[in-house]
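Student: Chains as they are written, first to last, in our numbering: chain C, 3 to 274; chain F, 7 to 72.
A couple of the hints might just be wrong.
[Said to hold, decoys possible] Once the Cα atoms are required to be at most 30 Å apart in a straight line, the calculated BS3-like pairs of lysine-lysine come out as:
| hint | chain 1 | residue 1 | chain 2 | residue 2 |
| --- | --- | --- | --- | --- |
| 1 | C | K237 | C | K227 |
| 2 | F | K45 | C | K4 |
| 3 | C | K224 | F | K41 |
| 4 | F | K49 | C | K227 |
| 5 | C | K216 | F | K41 |
| 6 | F | K32 | C | K215 |
| 7 | C | K213 | F | K38 |
| 8 | F | K45 | C | K216 |
| 9 | C | K186 | F | K12 |
| 10 | F | K38 | F | K49 |
| 11 | F | K38 | C | K237 |
| 12 | F | K12 | C | K42 |
| 13 | F | K17 | F | K32 |
| 14 | F | K49 | C | K10 |
| 15 | F | K45 | C | K10 |
| 16 | C | K216 | F | K38 |
| 17 | C | K266 | F | K12 |
| 18 | F | K32 | C | K227 |
| 19 | C | K186 | F | K49 |
| 20 | C | K215 | F | K38 |
| 21 | F | K32 | C | K186 |
| 22 | C | K17 | F | K41 |
| 23 | C | K216 | F | K32 |
| 24 | F | K49 | C | K224 |
| 25 | F | K12 | C | K4 |
| 26 | F | K41 | C | K215 |
| 27 | C | K17 | F | K38 |
| 28 | F | K32 | C | K4 |
| 29 | F | K12 | C | K10 |
| 30 | C | K246 | F | K32 |
| 31 | F | K12 | C | K227 |
None of these hints come from the bench; they were simulated from the model.
Here's the letter readout for the chains.
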Amino acid sequence: MKVSNVVKDNFREDKLPHIWCPGCGHGILMHAIARAVSNKGLDRDKVVVVSGIGCSSRAPGYMNFNTLHTTHGRALAFATGIKMSQPDLHVIVITGDGDAAAIGGNHLIHACRRNIDLTTIVFNNNIYGMTGGQYSPTTPTNDYGTTAPYGNIDKTFDLCDLAKAAGATYVARSTAYHARIIEKLIENGLDNKGFSFIEGISVCPTYYGRKNKKGNAVDMMKSLKEDTIDIRIAKKKPELAEGKMLIGEFHNSEEEEYTARYDKIIDLFEKE
Amino acid sequence: MSASQKLHINKDWCKGCGICVEFCPKDVLQLKDGKIDIKAEDKCIQCRQCEILCPDFAIFLGGDEE
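Full structure from sequences and hints, please.
Tutor: The following block contains the structure:
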C-alpha cells in the first residue's frame, strides 16, 4: 500500500489502521507529533515515546520509535527513569486527560517541578473514552458523562495553568483542528531543554460528543475552530475572547534542567 | 509550486468521518458509500489540509507520480 512519507518514516504500517473511533482527534494529534519529529530531523533511534493507559496511550503502539506503553498515570515516572539513565534521548510522553491529570496528577506536578527534559503531549478529549465515557478532570462543569448523568459538579481543571504553576518551562495548548499550529508547538517543546507541556485538545465524538449532544466529528472539529482564540489576539482584544478557550504559547522560560543538575552532583564526587 | 502532486486515498484506512470533506477549502472531496472519494481533483490547490486533518492517514498528497 502506498503511504505518505510521514507515515512511512514514523509509523508501524502493519499496525494501521488504528483502533480509534471514526473522527477521533487523537489520530490528527499523533500525525502532528510525527511531523514535528520529522521536521526536527531527530535521529529515530534516539527518540523514545512513552505512554500510560487510555485511548491516547494507544499511540506508541503505532509509532515506529523506541516505545513504551506503561501503567495508568505512570508514563511520566517511566519517562523520568529513561531520561535519567540516558539523558541524550529525546523522550516524548503521550498521555490523556485522565491519565495525566487524575491518576497521574502527582507525577505530572513533580515532573514539572523538576524541569526534567521531557516533551509531554496531553491528548485531552474531556472524558475517559476507553472505559466508557466516565467524566474526567477536564470534563467541563455541568457536562455529562456516564458517571455524571445529571451533569458534572466538579470544577474543570486547566492543565496548562497547573503545569505552569508547577514549574514547567514550556507550556502551550492547541487543538486537533489547529494541526499546523500544534505541530509547531510540539517542535518548540522538543527544542526546549526542560519540561515541555503541550495540551492538544482532541475530540471524542463517541462518548463526550454523544453524551453532550455536540454533534458528529465534523461538528466538534468546527467547535474547536470557533470556540478557541489565540492568546496573542485575546491580549490585544479581550472582548473577542469572551467564552472562548485560549490557545497558543502560555509560558516559555529557561531554567536549569534536571539531568544536568544531577550530573553536577556526580561530577562532584568524581573529582575527589 | 513544484511538480504537481496527486491525491492518494487508502480506502481501507478510511472510517468515513467526513472531516477532510468538510475542511477542504476547494470542495474537492466527497463521501461515497461511506468512504472518502475524489470529486474534483482539478480544483485541488495542494494545501494538504485533508492530509493533516485526516485522523486515519487515509488521504495524502503523494510524491511524484509513478
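Student: Decide, hint by hint, whether the structure agrees.
Tutor: Evaluated hints:
About 18 Å separates the Cα atoms of C:K237 and C:K227, which keeps this hinted pair within 30 Å; it holds. Only pairs whose Cα atoms come within 30 Å are accepted, and F:K45 paired with C:K4 is accepted, the gap being roughly 20 Å. For the given pair, C:K224 sits about 20 Å from F:K41 by alpha-carbon distance, which is consistent with the 30 Å threshold. Straight-line distance between C-alpha atoms of F:K49 and C:K227 comes to about 24 Å, which keeps the hinted pair within the 30 Å bound.
Of the pairs offered as hints, the one joining C:K216 and F:K41 holds, with about 23 Å between alpha carbons and a cut-off of 30 Å not exceeded. With a C-alpha separation of about 29 Å, the suggested pairing of F:K32 with C:K215 holds against the 30 Å cut-off. For the hint pairing C:K213 with F:K38, the CA-to-CA distance comes to about 28 Å; that is within 30 Å, so the pair holds. Distance restraint check for F:K45 and C:K216: the Cα-Cα separation of roughly 28 Å lies within the 30 Å cut-off, and the hinted pair is therefore satisfied.
The suggested pairing of C:K186 with F:K12 holds, with an alpha-carbon distance near 25 Å, which does not exceed 30 Å. For the proposed pair F:K38 and F:K49, the alpha carbon gap of about 18 Å is at most 30 Å, so the pair holds. For the hint linking F:K38 to C:K237, the alpha-carbon distance of about 44 Å lies beyond 30 Å, and the restraint is violated. For a cut-off of 30 Å, the pair hint linking F:K12 to C:K42 stands: about 26 Å separates their Cα positions.
For the hint pairing F:K17 with F:K32, the CA-to-CA distance comes to about 21 Å; that is within 30 Å, so the pair holds. Taking the CA atoms of F:K49 and C:K10, the gap is about 27 Å. The hint holds against a cut of 30 Å. For the suggested pair F:K45 and C:K10, the alpha carbons sit about 26 Å apart, so the restraint of at most 30 Å is met. With a CA separation close to 24 Å, the supplied pair C:K216 and F:K38 stays within the 30 Å bound.
Note on C:K266 and F:K12: the hinted pairing is violated, with a Cα-Cα distance of about 54 Å set against a maximum of 30 Å. Restraint check for F:K32 and C:K227: satisfied, since their Cα atoms lie roughly 18 Å apart, inside the 30 Å limit. Distance check on the hinted pair: C:K186 and F:K49 sit about 28 Å apart at the alpha-carbon level, within 30 Å; holds. Of the supplied pair hints, the one linking C:K215 and F:K38 holds, its CA atoms being roughly 26 Å apart against a limit of 30 Å.
Proximity of F:K32 to C:K186 is assessed by CA-CA distance (about 25 Å); at most 30 Å being required, the pair is judged to hold. A hinted pair counts as satisfied when its Cα atoms are at most 30 Å apart, and C:K17 with F:K41 qualifies at roughly 20 Å. Proximity of C:K216 to F:K32 is assessed by CA-CA distance (about 26 Å); at most 30 Å being required, the pair is judged to hold. Taking the CA atoms of F:K49 and C:K224, the gap is about 23 Å. The hint holds against a cut of 30 Å.
Restraint check: the Cα-Cα separation between F:K12 and C:K4 comes to about 12 Å, which is no more than 30 Å; the hinted pair holds. Distance hint between F:K41 and C:K215 is fulfilled; the C-alpha atoms sit about 24 Å from each other, no more than 30 Å. Distance hint between C:K17 and F:K38 is fulfilled; the C-alpha atoms sit about 26 Å from each other, no more than 30 Å. Between F:K32 and C:K4, the direct Cα distance comes to roughly 24 Å. Compliance with the 30 Å bound is thereby established for this hinted pair.
Taking the CA atoms of F:K12 and C:K10, the gap is about 17 Å. The hint holds against a cut of 30 Å. Taking the CA atoms of C:K246 and F:K32, the gap is about 28 Å. The hint holds against a cut of 30 Å. The straight-line distance between the Cα atoms of F:K12 and C:K227 is roughly 27 Å, inside the 30 Å bound, and the hint therefore holds.
Checked against the numbered hints given earlier, this structure breaks hints 11, 17; the rest are met.
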